[in-house]
Amino acid sequence: MQNILVYIQAPGATPTKSQCELLTLGASLGEVRVVLGAHADEATRAVLSSWGATGFYAAEALEGHIAPEAALLAAAAKDFKAAAVLLPNDSAGREVAARAAIKLDAGVITDAIGVEQDLTVTKSVLAGSYTVRVKATRGPLLVTVKPNSVELPSEAPATISAAALSTLDLGEVGPMAVITGVSERASSGRPDLSEARFVVAGGRGVDGDFGPVEELADALGAAVGASRAATDAGWIDHGAQIGQTGKTVSPQLYISAGISGAIQQKAGMQTSTYIVAVNSDPDAPVFEIADLGIVGDLTRVLPQAAAEIRRRKG
Amino acid sequence: MSQSTGTPLRILVLVKHVPDVQFDRHLAGEHLRIDRQDSVLSELDEYAIEAGLQLAESRGGAAAGNTVTALSMGPEAAVNAVRKALQMGATEGVHLCDDALAGSDAGATSLALAAAVRHLAGFDLIITGMSSTDAETSLVPAQLAERLSLAQLTQISRVELAADSTTIRAVRETEHAALNLEAELPVLLSVTDQANEPRYPNFKGIMAAKKKKVTVLNLSDIGVDPASVGGAGSATQVEAAEARAEREAGRIITDSGNAGIELVDFLAAAKLI
Ligand SMILES: Cc1cc2nc3c(=O)[nH]c(=O)nc-3n(C[C@H](O)[C@H](O)[C@H](O)COP(=O)(O)OP(=O)(O)OC[C@H]3O[C@@H](n4cnc5c(N)ncnc54)[C@H](O)[C@@H]3O)c2cc1C
Ligand SMILES: Nc1ncnc2c1ncn2[C@@H]1O[C@H](COP(=O)(O)O)[C@@H](O)[C@H]1O
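Protein chains in written order, with this note's numbering: chain A, 1 to 314; chain B, 1 to 273.
Read the hints as simulated data drawn from the structure, not as lab findings.
Note that the Cβ used here is the ideal one computed from N, Cα and C, for glycine as well.
Careful, some of the hints might be misleading.
Computed footprint of chain A on chain B, listed as stretches where at least three residues anywhere in the stretch have a Cβ under 8 Å from a Cβ of chain A [to be verified]: (1) 187-200; (2) 232-242; (3) 254-262.
Build out the structure end to end from the sequences listed, making use of the hints.
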C-alpha cells in the first residue's frame with residue numbers, strides 16, 4: 001500500500017467539506033497521515049482520525065507562514081516516504097506545495113479534479129478549454145485538489161480515538177516577513193463560495209444593490225458571487241469575486257445576473273454544470289455559454305424567481 | 001544588496017510572454033505544449049511592472065539612480081514582453097532564451113530564473129505577477145523565494161516602502177483574511193490585480209524604449225545544465241490532453257413578465273430544486 005500525506009492547513013473542531021474531500025481521496029489511494037498546518041487538539045485529531053488519518057505531523061511556531069509549513073511538509077514526506085501529498089488548491093496550499101517541491105525535488109500539479117490509483121492527475125487548463133492528464137516523474141507527487149472534486153460518504157464516520165502525533169524539529173527555515181496585523185473577512189453566513197453547489201453572482205448590472213442577488217441566493221441556499229466590476233465598485237467584498245483573478249467555481253448551478261461575460265469572468269465559472277444568465281442586453285456574450293438565457297431586468301426577474309421558489313418549497 | 005538608506009533601489013520584475021487570452025488557446029505537438037503564437041505580455045505581469053515603477057518613483061525614480069529591470073524567460077518572441085515593460089518605464093531588459101528551456105514546468109522555470117537572478121545579482125526586490133495567464137499555477141514566485149532564500153510576500157494587494165527605505169510593508173490577501181506583512185529588503189513580492197492600475201506606454205515611453213538595453217542570456221551564461229530544465233528536466237509530464245467541448249448557447253427567452261417563473265421551471269426540469 002502506498003503512503004499518502006494530507007495537508008490540513010487550518011484544522012478546526014469540525015473539518016470543512018474540502019478537508020473531508022482530501023481525506024476521503026487520500027484514503028482511497030493508500031494509508032493516510034495528516035500534516036497539521038496549525039495546532040490541533042486531541043478532539044480535533046480524533047475527528048480527523050475517523051476520516052482516515054493514521055498519524056499526524058506537527059511542528060512548533062508555524063504561525064501562518066509558508067516557509068516553515070513547507071519545511072514541515074517536506075520533512076513529513078521524507079519521514080513517511082509519501083508517494084503523494086494532497087493539499088487544498090487555495091493560495092496557501094499552492095505556495096506550501098511549491099516550496100516543499102523544491103526541498104523534495106518533486107513535481108507539483110495544481111487545480112486537480114481527480115487523482116487515480118497510479119497517481120495520474122486530471123486537471124483542466126487554459127481556463128477550462130482543455131482537460132489534461134499529468135504525472136509527476138520524480139519525487140512524491142504534490143497535488144493541490146479543487147473543492148467539489150471528491151464524492152463524500154453520505155454520513156460522517158463515527159469518531160474513533162486520535163492517532164499518534166509526531167512533532168518534527170524544523171531547524172533553520174530561512175527569512176520570513178513578520179505578520180503585523182490580521183483582518184478576518186466578515187462571514188456572510190451563506191455557503192462558502194468555492195464549495196457551494198449553487199452560486200448566484202451579480203455584476204455591474206446590479207447597480208450598487210446586491211439585494212435581488214442575495215434574495216435569490218437565500219431562496220436557493222446558494223453562495224453569492226460577483227464580477228470584478230462589482231467588487232471593484234465596493235458593492236461587495238473582494239472575496240466574492242469570480243474569475244481569472246478571483247475564485248474559480250464549478251457548481252451545479254451558476255446564475256449570472258447583470259454580468260456581461262468577459263473572458264476573465266468566464267475563466268472562473270464556465271465549467272459549472274448549468275449556467276443561467278439574466279441580462280438586459282440580448283447581445284451580452286454571457287448568453288453564448290448559458291443553458292438558459294433570460295433577456296430581462298434582473299431587478300424584476302430575480303425577486304420573481306425567489307418568490308416562486310419560496311412558494312414551491314412551501 | 002544596496003538597501004541602506006540613500007542608496008538607489010535595484011528592482012527586478014519578472015514578466016512572461018503568453019498566448020493572448022482574447023483568442024482561442026491550444027495545446028499542440030508531441031509534448032502537448034501551449035501553442036505560443038499570438039503571444040503578448042501576460043496581463044497580470046503589468047501589475048508587477050507598475051508596482052516596481054511606483055516603488056522606484058517613491059524613491060526619486062531613475063533620476064535618483066533607482067533601476068527597474070524586466071526579465072523574461074521564453075523563446076525569441078518573448079523579447080516583446082521585455083519591450084513592453086521598457087515602454088511602460090522599466091530601465092533595462094534581460095531575455096533568457098535557450099532552446100533547451102522549451103517545455104519547462106514551474107520547477108524548471110524557477111530553477112532557470114533563480115540562476116539568472118544570481119547571475120545578474122544585487123537586487124533589493126524581485127517582483128512577479130500573481131499568476132501567469134497561461135500556466136495559471138502561482139508556483140513560480142514561492143519557488144523563487146525558496147531557491148533564493150528570500151522572505152516571500154505573495155498575493156499582495158498593497159505595498160509601500162517605509163521611510164527608512166529598508167523595510168517593505170504589504171497586505172497579503174488570503175481566502176479568509178487580509179494580513180499586514182513587514183520585512184527587511186531583499187524580498188520577493190507577487191502582486192495581484194488589486195495592487196494598482198498599470199499605466200499605458202505613451203509615445204515618449206515607446207520612443208525611449210527603443211534606446212534601452214536588452215541583454216540576452218543563454219543557459220551557459222547563467223551556468224545551468226540544459227538537462228535540468230525543459231521538458232526533460234521537469235518533474236511533471238503531460239500525458240494526454242482533450243479539448244473540452246465548447247459550451248453551446250441554450251434557450252434564450254425575453255422577459256415578458258414571468259421570466260422569473262420560467263427560470264424556476266428550468267431549475268425544476270433540471271432537478272436542481
Ligand atoms: C487582468 C484582469 C483580470 C480580470 N479578472 C476578472 C475576474 O476575475 N472576474 C471578473 O468578473 N472580471 C475580471 N476582469 C474584468 C473583466 O474584463 C470585465 O471588465 C468584468 O468582468 C465586467 O464586469 P461586469 O460584467 O459586471 O460589467 P459590465 O461588462 O459592465 O456588464 C454589466 C452587464 O450588466 C447588464 N445590465 C445592466 N443593467 C442590468 C439590469 N438591470 N438587469 C440585467 N442586466 C443588466 C449589462 O447589459 C451588461 O451586460 C479582469 C480584467 C483584467 C484586465
Ligand atoms: N517564463 C517566465 N519568465 C519570466 N517570469 C515568469 C515566467 N514564468 C513565470 N514567471 C513569473 O511568475 C509569475 C507566476 O507565474 P506562474 O507560477 O506560472 O503562475 C508570473 O506572473 C511571472 O511574474
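Taking the hints in turn, this is what the structure says about them:
Judged by the Cβ-Cβ criterion of 8 Å, the segment 187-200 of chain B is covered by chain A as claimed, because 4 of its residues qualify and three suffice. Restraint check on the segment 232-242 of chain B versus chain A: 9 residues with Cβ-Cβ distances below 8 Å, three needed, restraint holds. Under the rule that three or more residues need a Cβ within less than 8 Å of chain A, the assignment of the segment 254-262 of chain B holds, with 7 such residues.
Violation of the numbered hints given earlier is absent; every hint is satisfied by the structure.
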